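So the protein sequences, as listed, match chains A and F. Residue numbers for the first sequence follow numbering that gives the first Met the number 0, beginning at 0 and rising by one. Residue numbers for the second sequence follow numbering that gives the first Met the number 0, beginning at 0 and rising by one.
Hints in this document: simulated from the structure, not taken from any laboratory. Only a predicted model underlies this, so the values are computations on that prediction, with no experimental measurement involved. Please note that a few of the clues may not be correct.
Which bits of chain F does chain A cover? Going by a derived footprint, with three or more residues having C-beta under 8 Å, they are [to be verified]:
#1 16-29
#2 64-70
In silico BS3-like cross-links for lysine-lysine, where the CA-CA straight-line distance does not exceed 30 Å [stated by the list, open to error]:
#3 F:Lys52 / A:Lys68
#4 A:Lys33 / F:Lys20
#5 A:Lys33 / A:Lys72
Glycine included, each C-beta is placed from N, C-alpha and C at the ideal position.
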Amino acid sequence: MSLRVHQRERRPRCFDLLLEGRLDTETHQQLEMKLDMLLAGDAKVIHYDLSKLAYMSSAGLRVLLRTAKEMRKVGGEMILTNPQPQIRAVIEVAKALPGQAIFQDFDELDAYLDEIQRNAT
Amino acid sequence: MAEPFHLTVPASQEGVVEAMKELVRFLDAARCTPDVAYAVQLAFEELGTNIAKYGFDDRQDHCFEVVLRMGAPTHLEVRDDGHPFNPWKDAPRPKQDGRLEDLPIGGLGLHLIRDMAADVAYERRNRTNVVTVTFKPKETP
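Full structure from sequences and hints, please.
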């Protein structure tokens, strides 16, 4: 009953966070701390890879909501990929992230990041 | 029908975390559908956390009861003897034009349960809050 967060910088200021395990009351602070570090480091895009996330409760959903809010403030973006069906249901049923980018694979993600980059230049 | 899962849980965050481990073991053995297993865990965590945080007005140790009856449908019952609180009526609900991120802690979890469950109910019985959540597997097209 744990959460592992694997981080890498996919592009400059664009961070992948692969979440593995459970994001809930017990583990959400772990991700909050990681998020605080990335925000302090001037992240522009935070990409959560949800392919290995087995469970997420409202405590976890709040971290995603906070990420989206913080990224909006700095003109950045939060991106989600590969949610398992139940996780997707939590996100969609709660209508938590209207208009939020959710991609099914990394090709879609990369194409989207290319587009953001093109628009920024 | 299989024996129900019945647990007395200390009304604390640690109590809810430990009970969740037992609940997950039970659900794995019960081999129910993934959507029901997920929704049961979610409802237990959200209701249990709310009781641990807000259910009691004193600083003494308290417990609450959880009973899970698997079947078609599956019923989760959570009972506590804290102050009267109907989560389906008394908790804050999202405004139509409001953002969910602005909901107070607790409100978001209850909103998720309401949407994932087939039915929710509450009654105050013998100075006890009895909250029931009913789950049905998703119909496959």
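Checklist line | Residues of the segment 64-70 of chain F with Cβ under 8 Å from chain A, three needed, outcome | finding: violated (count 0)
### Task
Take the C-alpha atoms of Lys33 of chain A and Lys20 of chain F, compute the straight-line distance between them, and say whether it is at most 30 Å.
holds, 25 Å
- Within 30 Å, alpha carbon to alpha carbon, are Lys52 of chain F and Lys68 of chain A? holds, 26 Å
Exercise. Sort out whether Lys72 of chain A lies within 30 Å of Lys33 of chain A, counting only the CA atoms.
Key: This hinted pair holds, its Cα atoms lying about 18 Å apart.
*Are three or more residues of the segment 16-29 of chain F within 8 Å, CB to CB, of chain A?*
The restraint on the segment 16-29 of chain F holds, since 4 of its residues have a Cβ under 8 Å from chain A and three suffice.
In the structure shown, a violation is registered for the earlier hint numbered 2 alone.
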